[in-house]
Amino acid sequence: MFRNFRGPIAVSLLLTFSIIEPLSSIGVAQQQPQRERRVAPTASPTPSPTPSEIPAATPGPPQQVQPGRQQRPTTFTTRTTAELQARISEILRRPELAPAMIGIKVASLDTGKVLFEQNANKLLSPASNMKLYTVAAGLDRLSPDYHFVTSVYAVAKPDASGIVHGDLTIYGRGDPSIAARFNGDYFKGIDDLAARIAAAGVKQVAGDLVGDESYFSGPAYGSGWQWEDLQWGFGAEVSALSINDNLVNLSISPGRQVGASVVVSAEPSDPLLAINNHATTTAKGTRRNLLVHRGLDSDMVEVQGSMALDDAGFSGRLGVAHPALLFVYLLRSSLAKKGVIVSGKTRTIAPSLSVVPANTNAATGLVELTNLQSPPFSMIAASTLKPSQNLYAELILRTLGRVAASSSPNLSDIARTSESNGVEVVRAFLREAGVDASSLSLTDGSGLSRDDMVTAEATLQLLTYMRRHRYANAFREALPIAGVDGTIRNRMKGTPAQNNLRAKTGELQSASSLSGFVVTASGEELVFSIMVNNYPDGVNPPSVCIDPIAVLLASFAGHS
Numbered sequence: 000m001f002r003n004f005r006g007p008i009a010v011s012l013l014l015t016f017s018i019i020e021p022l023s024s025i026g027v028a029q030q031q032p033q034r035e036r037r038v039a040p041t042a043s044p045t046p047s048p049t050p051s052e053i054p055a056a057t058p059g060p061p062q063q064v065q066p067g068r069q070q071r072p073t074t075f076t077t078r079t080t081a082e083l084q085a086r087i088s089e090i091l092r093r094p095e096l097a098p099a100m101i102g103i104k105v106a107s108l109d110t111g112k113v114l115f116e117q118n119a120n121k122l123l124s125p126a127s128n129m130k131l132y133t134v135a136a137g138l139d140r141l142s143p144d145y146h147f148v149t150s151v152y153a154v155a156k157p158d159a160s161g162i163v164h165g166d167l168t169i170y171g172r173g174d175p176s177i178a179a180r181f182n183g184d185y186f187k188g189i190d191d192l193a194a195r196i197a198a199a200g201v202k203q204v205a206g207d208l209v210g211d212e213s214y215f216s217g218p219a220y221g222s223g224w225q226w227e228d229l230q231w232g233f234g235a236e237v238s239a240l241s242i243n244d245n246l247v248n249l250s251i252s253p254g255r256q257v258g259a260s261v262v263v264s265a266e267p268s269d270p271l272l273a274i275n276n277h278a279t280t281t282a283k284g285t286r287r288n289l290l291v292h293r294g295l296d297s298d299m300v301e302v303q304g305s306m307a308l309d310d311a312g313f314s315g316r317l318g319v320a321h322p323a324l325l326f327v328y329l330l331r332s333s334l335a336k337k338g339v340i341v342s343g344k345t346r347t348i349a350p351s352l353s354v355v356p357a358n359t360n361a362a363t364g365l366v367e368l369t370n371l372q373s374p375p376f377s378m379i380a381a382s383t384l385k386p387s388q389n390l391y392a393e394l395i396l397r398t399l400g401r402v403a404a405s406s407s408p409n410l411s412d413i414a415r416t417s418e419s420n421g422v423e424v425v426r427a428f429l430r431e432a433g434v435d436a437s438s439l440s441l442t443d444g445s446g447l448s449r450d451d452m453v454t455a456e457a458t459l460q461l462l463t464y465m466r467r468h469r470y471a472n473a474f475r476e477a478l479p480i481a482g483v484d485g486t487i488r489n490r491m492k493g494t495p496a497q498n499n500l501r502a503k504t505g506e507l508q509s510a511s512s513l514s515g516f517v518v519t520a521s522g523e524e525l526v527f528s529i530m531v532n533n534y535p536d537g538v539n540p541p542s543v544c545i546d547p548i549a550v551l552l553a554s555f556a557g558h559s
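Numbering (numbering that gives the first Met the number 0), first residue to last: 0 to 559.
Please note: incorrect hints may appear among the correct ones.
List of simulated lysine to any residue pairs, SDA-like, C-alpha gap at most 20 Å [as the list claims (entries may be wrong)]: (1) K283 to G312; (2) K112 to D144; (3) K202 to Y328; (4) K344 to G165; (5) K336 to I162; (6) K202 to G343; (7) K121 to H558; (8) K336 to D191; (9) K344 to D207; (10) K121 to L91; (11) K112 to E82; (12) K337 to K121; (13) K187 to S268.
Label-pair restraints from in silico Cβ distances [claimed, not checked]: (14) A159 to A259: 52 to 60 Å; (15) A349 to D144: 27 to 35 Å; (16) R286 to T110: 53 to 61 Å.
By construction, these hints were calculated from the structure, which means they are not laboratory data. All C-beta atoms, glycine included, are put in the ideal place defined by N, C-alpha and C.
Take these sequences, add in the hints, and give me the full structure.
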């Protein structure tokens with residue numbers, strides 16, 4: 000958990016063959032869990048989504064009438080509130096759900112009436128529903144037009160020969176968008192920054208190339224994260240100088256013959272990553288038995304075990320250690336291709352060793368030569384909620400904490416971190432939204448923490464507030480759409496919820512949730528939160544209860 004802790008940490012995961020069966024007749028597909036324990040074989044590495052898969056939200060005032068509120072075809076139609084309640088209760092009485100704790104609340108945004116409620120004030124693990132809280136606070140405090148800025152500093156501008164005398168410092172402020180997800184290319188963001196440096200007249204750096212990730216304070220991982228999360232992409236290090244989601248796509252495939260080593264590759268190329276491959280190829284039909292291990296704070300990946308000759312291959316997203324160092328290594332290579340030579344070393348500055356003050360300008364002795372700005376926050380919000388991107392949520396939370404700490408003296412205590420400051424900003428926002436956050440346990444921004452505890456009531460209040468917020472459109476457009484995109488692109492297809500329901504998913508081991516908005520068959524807009532905790536292995540809440548209830552809401556032909 001702590002950045003400088005070294006040693007043989009047992010952060011490993013046994014990858015076993017598994018097959019996911021179809022889950023239900025209404026088109027419910029297994030959601031990729033926020034934390035993966037088992038993986039199904041795939042033929043090739045899964046690339047980062049391109050920007051076209053994650054549309055940007057358009058900021059603007061809330062509309063009085065939202066698209067899609069016309070009469071819809073119905074299935075499982077109910078025509079009275081009593082009938083709807085009876086159908087929901089019937090679903091919740093299914094025997095496989097008997098050991099589980101379920102919190103649910105459904106209300107009308109049009110009338111304010113509650114249509115269904117059960118255990119709505121029970122504290123439950125939200126999983127990735129936590130991102131609703133983080134992104135909503137981000138939109139409120141930062142605005143949809145906010146831009147993250149990465150600055151390039153030197154002690155002085157380059158001389159007449161283009162030489163920077165001293166170090167060239169890249170100062171990150173948590174921009175998540177220097178990634179293929181936003182521009183379709185792993186190296187475009189880095190190349191754009193290098194081009195800007197060259198355009199600023201830099202031809203040679205006489206000193207070092209320095210990556211300064213000190214904008215955020217505190218550990219590189221979220222509070223309450225588990226050890227086995229930390230080597231994978233969904234538990235990637237949080238750095239103010241992030242690159243390509245701070246992960247690589249790891250691909251493992253069988254060798255050409257029995258006894259040969261398996262083939263291991265990583266994309267994009269990471270010059271710091273070393274792979275120690277001890278895994279072998281076994282006869283056709285044998286069971287896959289792979290162990291992938293990257294120790295905490297380590298750039299060495301150990302691959303052991305075996306894979307059958309006819310195995311389709313494994314693809315997984317592996318977190319990288321020292322993303323800020325990787326950032327400047329890639330930048331140095333890009334600068335060299337543009338004719339900019341760095342004479343010194345490539346190094347980083349940790350959070351406790353910053354040389355760049357919070358409000359850097361020429362008066363401090365450092366000059367900004369150029370900078371790179373992110374797309375607007377509205378796009379980053381969508382790129383956080385739709386694919387349920389943990390790193391982005393953590394960067395948003397720490398940005399909130401950093402901005403608040405610089406403007407609120409009571410949050411700038413030296414004992415606090417950017418994460419804990421960010422949590423206080425979220426709490427303050429919730430109070431303004433009318434949510435009683437005093438009993439809620441908020442510890443991170445993504446919901447990967449096992450310490451997060453919220454209620455369906457609080458989530459419903461948050462969503463209701465955001466539906467009438469000045470940035471309501473940006474928030475709504477950032478949510479996944481059933482049967483269309485994001486984490487529910489394969490769920491509720493062919494039902495009245497498709498291209499209608501907009502909601503955030505959440506999946507952890509024994510925690511599943513779905514919260515958002517849906518328009519009924521009669522054109523009434525509902526807000527809902529469904530949270531299921533402590534269910535047995537083998538039970539899939541989206542199939543058993545969450546999606547069937549969501550479809551019932553979309554099919555409701557009555558009025559509240």
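The hints, checked one at a time:
Only pairs whose Cα atoms come within 20 Å are accepted, and K283 paired with G312 is accepted, the gap being roughly 13 Å. Of the supplied pair hints, the one linking K112 and D144 is violated, its CA atoms being roughly 34 Å apart against a limit of 20 Å. Taking the CA atoms of K202 and Y328, the gap is near 17 Å; set against the 20 Å cutoff, the hint holds. A distance of roughly 11 Å separates the Cα atoms of K344 and G165; the hinted pair therefore holds under the 20 Å criterion.
Taking the CA atoms of K336 and I162, the gap is near 17 Å; set against the 20 Å cutoff, the hint holds. With a C-alpha separation of about 14 Å, the suggested pairing of K202 with G343 holds against the 20 Å cut-off. The hinted pair formed by K121 and H558 fails the criterion: a straight-line CA distance of about 27 Å is larger than 20 Å. The straight-line distance between the Cα atoms of K336 and D191 is roughly 12 Å, inside the 20 Å bound, and the hint therefore holds.
Note on K344 and D207: the hinted pairing holds, with a Cα-Cα distance of about 5 Å set against a maximum of 20 Å. For the hint linking K121 to L91, the alpha-carbon distance of about 16 Å falls within 20 Å, and the restraint holds. The hinted pair formed by K112 and E82 meets the criterion: a straight-line CA distance of about 16 Å does not exceed 20 Å. Taking the CA atoms of K337 and K121, the gap is about 58 Å. The hint is violated against a cut of 20 Å.
Distance restraint check for K187 and S268: the Cα-Cα separation of roughly 14 Å lies within the 20 Å cut-off, and the hinted pair is therefore satisfied. The beta-carbon spacing between A159 and A259, approximately 58 Å, falls within the hinted interval of 52 to 60 Å. The supplied range of 27 to 35 Å is met by A349 and D144, whose beta-carbon atoms lie about 31 Å from each other. Checking the proposed 53 to 61 Å range against R286 and T110 shows it holds: the Cβ atoms sit about 56 Å from each other.
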